[in-house]
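Colleague: Chain by chain, the residues:
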Amino acid sequence: MASDAHTNTNHASNHLETATLEGKNKVLGFWLFLAAEVVLFACLFGTYLALKSQTMSGPTSMELFDLNLVIVATALLLTSSLTSVFAMSAMNQRKLKLMQFWLGVTVFLGLAFLILEIYEFVHYIHLGHTFMSSAFGSAFYALVGTHGAHVTFGIIWISSLMIQAQKRGINTDTAPKLFVSSLYWHFIDVVWVFIFSLVYLLGKVG
Amino acid sequence: MGTLTIMVVVALFLAAIVLGGYNKNFLERVKGSTVWDWMTTVDHKKIGIMYFMSGIVFFLIGGLEAILIRLQLMVPANDLFVGDIYNQILTMHGTTMIFLAAMPLLFGLMNVIVPLQIGARDVAFPFLNSLGFWFFTAGGIILNLSWFFGGAPDAGWTSYVSLALNEYSPGPGVDYYVLGLQISGIGSLISGINFLATIINMRTPGMTLLRMPLFTWTTFVASALLLFAMPALTVGLLLLMFDRLFGANFFDYTMGGSSVLWEHLFWIFGHPEVYIVILPAFGILSEIISTFSKKRLFGYTSMVFATVLIGFLGFMVWVHHMFTVGLGPVSNSIFAVATMAIGVPTGIKVFNWLFTMWGGEIRFTTAMLWAVGFIPTFVVGGMTGVMLAVPPADFQYHDSYFVVAHFHYVLVGGTVFGIFAAAFYWWPKMFGKMLHEGLGKFQFWTFFIGFHLTFFPQHFLGLFGMPRRVFTYQANVGLESINMLSTIGVIGMTLGTLAFGINIYRSLFIDKTKAPADPWNGRTLEWAISSPPPEYNFAQLPLVRGYDALWVEKEAGKKELTPAEPLGSIHMPSSSYLPLVMAIGVFISGMGFIARGDYSMGIFGLIILGIAMFMRSFEVDHGYHIEPEEIEKDKGVDA
Ligand code: HEM
Ligand SMILES: [Cu+2]
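Protein chains in written order, with the working numbering: chain A, 1 to 206; chain B, 1 to 639.
For the record, the hints were derived by calculation from the structure and aren't laboratory data. Among the hints, a few may not be true.
[Said to hold, decoys possible] Derived pair list, reagent style EDC-like, types lysine to aspartate or glutamate, alpha-carbon separation capped at 16 Å: (1) A/LYS177 with B/GLU619; (2) B/LYS294 with B/ASP518; (3) A/LYS167 with B/GLU361; (4) B/LYS294 with B/GLU555; (5) B/LYS295 with B/ASP621; (6) B/LYS558 with B/ASP518; (7) A/LYS177 with B/ASP518; (8) B/LYS433 with B/ASP511; (9) B/LYS295 with B/ASP399.
Modelling step: build the complete structure from the supplied sequences, incorporating the hints.
Modeller: This is how it looks when you write it as C-alpha cells:
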C-alpha cells in the first residue's frame, strides 16, 4: 500500500495535497503540530490574563491601547486569510500564476500587519511600556510578540515556497507544503482573533 | 567564537586520525564510515537503538549521582557533599533520570518496536525522527556540560522560582537547565508528533485500532500526552529564560510577577509527564505478561479504555503537586477527587494483568520476572499516591521523604522495571543477539531487593519528619538507622546495574550466536520477521486478521503471515546529515545564550539552524527503491 501510493503521482484527486501517503502524513502531522501550538498559546494567554493588571505604576492597558490601529491590523490579517484560501483553490485547479498572485497578496498583507505591529510596539516603548517595565509588559510582549514572530516566520516560509513553486510547479511534492503553510497562516489568524478580544478589547474595559 | 573554532579543529583532527589522514578520498571515507551512516540514518530501528543507548549512558550518569546522594545521607551531619554541590547533584539526578534516561529509553523502544507491531516499513516522518533524536542529544549534552563550565543547575528538577531567578541562583547553572531542557523538549515534541502520525496513518491493512498491541496503544496515548503537555514546559522555560537572560518580570514578585505561575506551568506539563513515562511501561507489561502466560491479554478493550482514560485524567490533576500553596479548599478538593479517580483505571490494569496470568502457562524468563516484580511494587507506589492525594494529609507528607519514596516506587518500580523487562524481551529484535538469562536473573534479584531496601524505609523517614532535598540531618532524632539501611540498599541496585552492563557487553561483543526470529513464541507482528529485521522490515506488508496478529496465524497452523500485497519494489527514505546540522546549530545557540555576553554565538547558532531548514525545504528527495531481486530469499515473513 505504502509503495504504490508513492509512485502514484498523477492521482486524479482534486486534493493534490493528500494525493500521496507523504502528503497525507504531512497534513496530519501539521494538524498535530497546530494542536501543540494551541496549548502553547493557551499558556501564554493564561500568563497574560494572570499578570495583566500588574502594571507597577506604568501605563495601563486602558491608557495604552489604540483600538483604531488594532482594527486596521486585524482587517489586514483577516483579509490575508481569505487570500490564502484563494491561493489554495487556485492550487487545486493547477493555476500556478493565479496561486502565486494570491500568495503574493497574502505575504504583502502579512508584511503590512507586521509593520503596524512594529510601529505599535515602538510607540508603547516611548510611553514607558516595555518588556522589562513590569509583569504586565513582559506578559504582553511575550504573547503578542510570539504571535508576531509566528507571522514573521510565516512570511518567510510562504515566500520561500513561492520560489519553489515557481521553479518546480504545482505537484504532489510542493502541494502539501503549500497547503500546510496555508493551514499555519489560518492558525495565526485565529490566534489573532483571540488576541484582539482578550488583549485589546478586554484591555479597554479594564 | 574562539572556543567554537577550537572545537571544530579538534573534531576534524579526530576524524582524520580515525579515518587515516587527509587526502582527496577523505570525504569519501567519511561518507563510507559506519559512524557517518549512523549519524545520518533515518532508519527507525537505528534511531531507536541510538535513543536506547544514550538513555543507558544517561541512566549510568544519573545513577552515579544517586550513589553520591546516598553516600552523603548515609550518616548524620556528614560533610561529603555540602550545600551547593549537593543541590547540584540532586538537581541533576532528577533532571537526568526523567528527561535524559527514562524518556529516551522509552523512545528507543517505541521507535524500534511500534512500526514493527503495526506492520509498517518506517515511521511517518523519518527525517523528523532523526531530528528529534539529535535535538534530544544536543539538549542532554548541554545539560551535562554544566558540570565543567560554570556549575550545574541547583534549583531542583522542578526549578521553582523565585529560587531559580538570577537573584537566588546566580551563575549559569539554571541557564543550562532552561536551554538544555528546552532543546531536548522540542526533540521530544517532534518525536511525539511522529509517533502519533505513524500510528494513525501507517498501519498495515487489517490492523484496526482495536487490534493494535498494547504497547502501540500506550505509545499512542503517551505521545498524545507529549503533544499537549510539552508546550506548557516550553512556555514555562521560555518565560524563565526571559526572566533570567533578558530582564523580564514574569516570576519576579517585586515587579508584579507571580511564582505560582511557574508552578502551574511546570505541573501542567509535569503531571502528564509522569504518565508519559509510566504508560509505555504499562504497555510493555501487557505484552510480556500475555506472551509468557501464553494467553490472550485479559480484558483487552478495558485495557485500551483504561489507558485512554488515564491519559485524559492525567491532565486534570496537576494541582495535587500544589496542595500546600494555598489555592483554597475548593480547588484542592476538586483536584484531590480527580487524582483519586486515576486510581480506578490503574486498578483495572493491575487486575487485568493478574487475570492474564491466572491459569496461564507461565514461564519465568527474566523479562517475566521484571514484569511480575513490577506489579506489587507499582501497587505500593499507587497506594502512597492515593494517600498523598488527600490534601489535609498531604500537608504532613509534602516535601518530605514520603514523597520521595512514592515517586521512586512508581518511577523505578514502574518505569525502570518496565524498561528492564522490555530490554530483555525485545533485545533480540533490536540487536539480533540474546541477553544472558542467568545474569539477568541475578540482576533482577539484586536490583529488586536493593530497590526495596533503599526506598521502603524512606516512607518512614518522611513520616518521621525528614524533609526532602536537604543535604543533612541531625543525629539522635531517630533517622540514623533508616538512612543507613536506605544507603545499603544502593549496593544491590549497583550490583544489578553492573550485571546489566556485563550482560550488554557479553551479548554485543562476546556471544556469537544469533537470536532466532521468534525466541519467546511471540504473539505480535514483530516476531514474524528476522532478528534484527531487514531495513525495509516487511518484504510484503502483512494482512492482519485479528488481535495478536501473529498468534492468529499460528493458531491457524500457518507458517507465514498472509501478505497484503504482491512482492514489489520498496520505497525507502534516503539518509540525511541535515538533522545533525540543525542540532549542532541549536547546540551552539544554546551554549551561546548560556555564556551570556553579547549573544552573537547564540544568534550564529540560530542562523545555522535557519540555513539548514532552508536547505531541507528546497531539497528534492525522492528516496530510493529496493527491488524485489535484492530482497533476500528469506523474505522475512515467516511465522
Ligand atoms: C495512582 C496514581 C498516583 C497518584 C494518586 C499520585 C499522587 C501524587 C501526589 C498527590 C503527589 C504530590 C505529593 C506532594 O508533593 O506532596 C505526587 C508526587 C509525585 N508523583 Fe505521583 N501519583 C500517582 C502516580 C504516579 C506515577 C505513575 C508517577 C510516575 C511514573 C508519579 C510520579 C510522581 C512524582 C515524580 C512526584 C513528585 C514530584 C516532585 O515533587 O518532585 N506518580 N503523586
Ligand atoms: Cu502528579
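Colleague: The structure should be examined with respect to each hint, and the outcome stated for every one.
Modeller: Going down the list of hints, with the structure as the test:
1. Simply put, A/LYS177 and B/GLU619 have alpha-carbon atoms about 13 Å apart, close enough for the 16 Å limit, and the pair holds.
2. Taken as a hint, the B/LYS294 and B/ASP518 pair is honoured in the structure, with Cα atoms around 14 Å apart against an allowance of 16 Å.
3. The suggested pairing of A/LYS167 with B/GLU361 is violated, with an alpha-carbon distance near 64 Å, which exceeds 16 Å.
4. Between B/LYS294 and B/GLU555 the alpha-carbon distance is near 12 Å, which keeps this suggested pair within the 16 Å criterion.
5. For the hint pairing B/LYS295 with B/ASP621, the CA-to-CA distance comes to about 45 Å; that exceeds 16 Å, so the pair is violated.
6. Taking the CA atoms of B/LYS558 and B/ASP518, the gap is about 15 Å. The hint holds against a cut of 16 Å.
7. The straight-line distance between the Cα atoms of A/LYS177 and B/ASP518 is roughly 41 Å, outside the 16 Å bound, and the hint therefore fails.
8. With a C-alpha separation of about 8 Å, the suggested pair B/LYS433 and B/ASP511 falls inside the 16 Å cut-off, and the hint holds.
9. Restraint check for B/LYS295 and B/ASP399: not satisfied, since their Cα atoms lie roughly 43 Å apart, outside the 16 Å limit.
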